[in-house]
Amino acid sequence: MSTFDEIPKTQQEALRTVVLWLADDRLIHGHRLSEWAGHGPELEEDLALANMALDMIGHASSLYAYVAKLEGREEEDYHAYFRDDIDFTNCAMVELPRGDFAFTMARQFLFSVHAFLLYQALMDVLEDEELAGILKKHFKEIRYHLRHSGEWMRRLGDGTDESRERVQHALDDLWMYTGELFTSNAHIEATVRFEVFTDPATLHAPWMEMVRQVLDDATLTMPDQNQYMFDGARQGRHTEHLGRLLAEMQFLRRSYPDASWT
Amino acid sequence: MNTEQELKQFQERIDNGEKIEPKDAMPERYRKQLIRMMSQHAHSEIVGMLPEGNWITRAPSLKRKMVLLAKVQDEAGHGLYLYSATETLGARRQDLVEDYLYGSAKYSSIFNYPTLTYADICVIGWLVDGAAIVNQTMLAKSSYGPYARANLRICKEESFHKKQGYEMLAKMASGTPEQQKMAQDAVNRWWWPTLMMFGPHDSDSPNSAELIRWGVKTKTNDELRVHFVDRMVMEAEAIGITLPDPDLRYNEETGHWDFGLIPWDEFWSVVKGDGPMNRERIRARRHAYEEGAWVREAATEYARKQRLRAEKAS
Ligand SMILES: [Fe+2]
Ligand SMILES: [Fe+2]
Numbered sequence: 001m002s003t004f005d006e007i008p009k010t011q012q013e014a015l016r017t018v019v020l021w022l023a024d025d026r027l028i029h030g031h032r033l034s035e036w037a038g039h040g041p042e043l044e045e046d047l048a049l050a051n052m053a054l055d056m057i058g059h060a061s062s063l064y065a066y067v068a069k070l071e072g073r074e075e076e077d078y079h080a081y082f083r084d085d086i087d088f089t090n091c092a093m094v095e096l097p098r099g100d101f102a103f104t105m106a107r108q109f110l111f112s113v114h115a116f117l118l119y120q121a122l123m124d125v126l127e128d129e130e131l132a133g134i135l136k137k138h139f140k141e142i143r144y145h146l147r148h149s150g151e152w153m154r155r156l157g158d159g160t161d162e163s164r165e166r167v168q169h170a171l172d173d174l175w176m177y178t179g180e181l182f183t184s185n186a187h188i189e190a191t192v193r194f195e196v197f198t199d200p201a202t203l204h205a206p207w208m209e210m211v212r213q214v215l216d217d218a219t220l221t222m223p224d225q226n227q228y229m230f231d232g233a234r235q236g237r238h239t240e241h242l243g244r245l246l247a248e249m250q251f252l253r254r255s256y257p258d259a260s261w262t
Numbered sequence: 263m264n265t266e267q268e269l270k271q272f273q274e275r276i277d278n279g280e281k282i283e284p285k286d287a288m289p290e291r292y293r294k295q296l297i298r299m300m301s302q303h304a305h306s307e308i309v310g311m312l313p314e315g316n317w318i319t320r321a322p323s324l325k326r327k328m329v330l331l332a333k334v335q336d337e338a339g340h341g342l343y344l345y346s347a348t349e350t351l352g353a354r355r356q357d358l359v360e361d362y363l364y365g366s367a368k369y370s371s372i373f374n375y376p377t378l379t380y381a382d383i384c385v386i387g388w389l390v391d392g393a394a395i396v397n398q399t400m401l402a403k404s405s406y407g408p409y410a411r412a413n414l415r416i417c418k419e420e421s422f423h424k425k426q427g428y429e430m431l432a433k434m435a436s437g438t439p440e441q442q443k444m445a446q447d448a449v450n451r452w453w454w455p456t457l458m459m460f461g462p463h464d465s466d467s468p469n470s471a472e473l474i475r476w477g478v479k480t481k482t483n484d485e486l487r488v489h490f491v492d493r494m495v496m497e498a499e500a501i502g503i504t505l506p507d508p509d510l511r512y513n514e515e516t517g518h519w520d521f522g523l524i525p526w527d528e529f530w531s532v533v534k535g536d537g538p539m540n541r542e543r544i545r546a547r548r549h550a551y552e553e554g555a556w557v558r559e560a561a562t563e564y565a566r567k568q569r570l571r572a573e574k575a576s
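Which chain is which? The protein sequence lines are A and R, in order. For the first sequence, position 165 (counting from the first letter as 1) is numbered 165 according to the numbering used here, and the numbering increases by one without interruption. Quick note: to get the numbering used here, add 262 to the position in the second sequence (first position is 1).
A portion of the hints provided could be inaccurate.
What the hints assert, rightly or not - Example chain A residues on the side facing chain R (calculated, C-beta under 10 Å, incomplete):
hint, residue
1, Gly58
2, Glu162
3, Tyr228
To be verified - In silico DSBU-like links for lysine-lysine, alpha-carbon gap of 30 Å or less:
hint, chain 1, residue 1, chain 2, residue 2
4, R, Lys481, A, Lys137
5, R, Lys403, R, Lys481
6, R, Lys433, A, Lys69
7, A, Lys137, R, Lys425
8, A, Lys140, R, Lys481
Treat the hints as calculated values from the structure; they're not laboratory data. Even for Gly, the Cβ is constructed at its ideal location relative to N, Cα and C.
Excised from the complex, chain R in its bound form:
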C-alpha cells in the first residue's frame, strides 16, 4: 500500500471508525508503529512480573500471597495475549523478545524502580495498574482489531488488580503506625514515576500525532495524565493518603487538578537505561531466557521425535 489513493482509502476507514484486521491492507508505517507499540506493551507486562514477584514469598498472609501470585500470573497472561496479537502483524515472538533483551526495544520505565516494602505491592496495584487502566481503556478502542480486543480483555483483570491494591493500601493507611508509615512512604516513591508512565509531554512526543491520526490512540499523553490525576486525588483523600506534590491545586477554570513539575530529567535518564533497577531487571530476564533455552530445545526435540514416530506408525 503506497499510492496516495490507497493511503486515502485507509485513512477513510480509520475515520469511519472501522477496525483494521490482520488480513486488511495497511501502510507499512502503521504496521511498524503497531509492532513497536504492542511489543513494548507486551515486554512491560513481562518485566512487570519482577518487582511484584519480589514479594510473593514474603506476603504477610496466605490470602495476600495468593492474590499477589494470581496477579503476577495475570500479567504473564497479558504478555501472552499481546505477543499473540503482535504476531498477527507478521512478527515472531522470539524476535520481539530478543529485541528487548539484547536490542533496543523498550518496556515501561515504571518497572525499573524497586519494591522495598509490602506497601509497594499495594501502591503498584492502585497507581501503576490504575494508570495502566487509563491507558488501556483508550487502547481498547484502538483501530487495530486484535490490539483493541487484547486490551479489552486485559482491562477487566487490571480493574481487579487496582481494586485489590487500593483496598489493601486503605487497610495499611488506617492500620498500625508502622503500616501507615510503609503506605505513605510507598506512595511518596511511586507517585512521580507513575505520572511519567503516560509518556513525555505532547510537545516532546513525536509519535503521538501520527498514532492519533491512525486511531491507534485516541487521546494524548497529557490528556490521559490529567484524567488520571483527577481520579487519584479523590482516591488518595478517601483513604487518608497524601500525594507528595505541594503544588496540587484544583483549577476552577479547567475543572482539573493542576500539579507540579514532573522530573523529566529522571524520566529520560531511566528510559535510556540509567534507573535504579534497569540493569537488574534485564539481567533477571536474560537469565530466565538463557536458562530456559535447554528446556525449549528439549520440548522442540521431543515434539520432532513424536512426529517421526507418528509418521512411521502410519
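The following block holds chain A by itself, in its conformation from the complex:
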C-alpha cells in the first residue's frame, strides 16, 4: 500500500493491509538484526542476535506467503523484493540503522513489548484460523525476544556508567518513533471496523506500563512523552534509511528477475 492507495473497502483488503504491516515490520527489523552477524559483542550474543533475526525474517516470510495466497500470487516473497520504499508499511523505528548494541537492544525491547501486546490483541480479534495459527507460532518467539531484550535493558541500565549512558541515549533517540505505533488514521480505522485490527490507542497504556517497569528496574529514565513524534511510515512515509536498505536487500533479485533462486 502506498500513499496513493485507497482505504480498504472489504474485509479481505483490510486483512491484506494488516498482514503486510506485520510482515514489513518483521522483515525490516530482521534485516537490521542480521547486519550484526559476525560483529556481535560476544559469541553468545552473536548466536542470540542471529536467532532473533532468523525469527523475524521467518515470521515475515510466513506472513508474505499468506498475503501471496490471498492475492493468488505464485511468488511468495514478491512483497519483500519488488516494492519500493513508499509501498513498504513498516513502522519507521525498525528501519533506523543498527547503531551500537545499546541502540539495537533498546529498539528490540520497545518493539517487542509492542509486538507482545499487539499479537495478544490480534489473536483475540482475528477469525481466520490459518492466520491465527501463524500468529500463535510467532508469539512464542516474541516472548523470547521480549525476555532477552528486557534482560539486556537491565544489564545495560544497571551496569557501568558507560552502558547506562549509551542505553539512555538510545531510548531518547528512539522515543520519537514510538508515537506512530499508537496513533490512528483512516486506514487504521477501516481495519478496526472490519475487525481485523485493534485500536492502536488501546495498547498505549499497557505498553507504557510494561516499559516503565523494566526502565525502573534498569534505573533508566522514561523519555519525555510530550515531544515531536514521527508519523506516517505505515502509509509509506519513511525516513531516508529505508530506501538504502531496500537497494541493498533487493538488488540481486531485481537485477535478474528471470532467474530462479529458490
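Fit chain R with the ligands to the known structure of chain A by using the hints.
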C-alpha cells in the same frame, strides 16, 4: 609427565585407541599442540562468518537469506564448542581470542579471500564446507575426547551446509546465462585456495608426523587432499561445472585423480598476512571485539551487583 616410562604409557594408550580426557595425564607438548590446533580451528569458524555474512543482507530470496543466516549462526556455534573444548586444556577463551587478534595465532587462510557474487556463497558451502568435512571427519576420531566429540557434532551441521551450497550451485549452473557465469567464476576463484585448506605438502609440514603419532590426526595433508579432489571431480561433473585445472587426469595406477601444481607461493604469502582480505578480516574482528568491550563490562558489573544484592538479602 616427563619420565620416559610415563611417555611410553601415554603412547600405549594412544596406540590402543583410548580417548584422552581432560583430567588424564598428558605430555605438555601434546597439550600445547592441541591448544594451538583447536584454537586455530575455533578462530577459523569465527572469521569464517565474515565472508558469508557479506551476503546475508543481499540474498536473492527470503529462503536463501534464512539458510545463509542459519549457516553463519551455526559457524558461531562451532566456534563456541571449539573454544569450550580448548578450555578443557586449561586455556582461557579471552587469551585465545586475543592471540589471533593481536598476537601470532592463525586461522584458516581460506577466509582471506573475498565473496564477490552470491555464487561465492554456494561455492563456499560446496567446496569450503566440503573440505572442512573431510578434515573434521578425521578429527572426529581424534585421540583427545573433547575435540573428537566437538568435531562429531560440527560435522553433522557442515554436511547440511555443503548440501545446501551444492544444490544452489547446481541451480545456478543450470540457470540463466548470468547465473552460470557467476557460478563458474566463483569456482574458478575458490578451487585452488580450497585445495590449500589441507595445509602444505607432507614434506613441508613439520607438525604432521607428531600429530599423527599422537592420534590427534589420523591422515596426512596430502592424503586428505587427494580424497577431496576425487570426490569433487565427480560432483563438479554432475552439475556441469568445470574445475579450473587443465592437468586434472584420472590415474589408473593409483585410482586417484592427479592434479596440477598448487600455487604454494600464494599459500605462504596469505599465511604470512599478505592475502587480499587478511587486513580487513582482522580489522573487522578487532572492531567487533573492541566495540563489544563496554557490553561485556556492563554484563560483568551487573552480575556483580546482583550477587551483592543477593548476599545482602540473605
Ligand atoms: Fe563450521
Ligand atoms: Fe559450515
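Hint-by-hint comparison with the structure:
{"no.": "1", "hint": "Gly58", "in the structure": "6 Å, holds"}
{"no.": "2", "hint": "Glu162", "in the structure": "5 Å, holds"}
{"no.": "3", "hint": "Tyr228", "in the structure": "30 Å, violated"}
{"no.": "4", "hint": "R:Lys481 <-> A:Lys137", "in the structure": "47 Å, violated"}
{"no.": "5", "hint": "R:Lys403 <-> R:Lys481", "in the structure": "11 Å, holds"}
{"no.": "6", "hint": "R:Lys433 <-> A:Lys69", "in the structure": "25 Å, holds"}
{"no.": "7", "hint": "A:Lys137 <-> R:Lys425", "in the structure": "28 Å, holds"}
{"no.": "8", "hint": "A:Lys140 <-> R:Lys481", "in the structure": "47 Å, violated"}
Violated hints for the displayed structure, listed by number in ascending order: 3, 4, 8.
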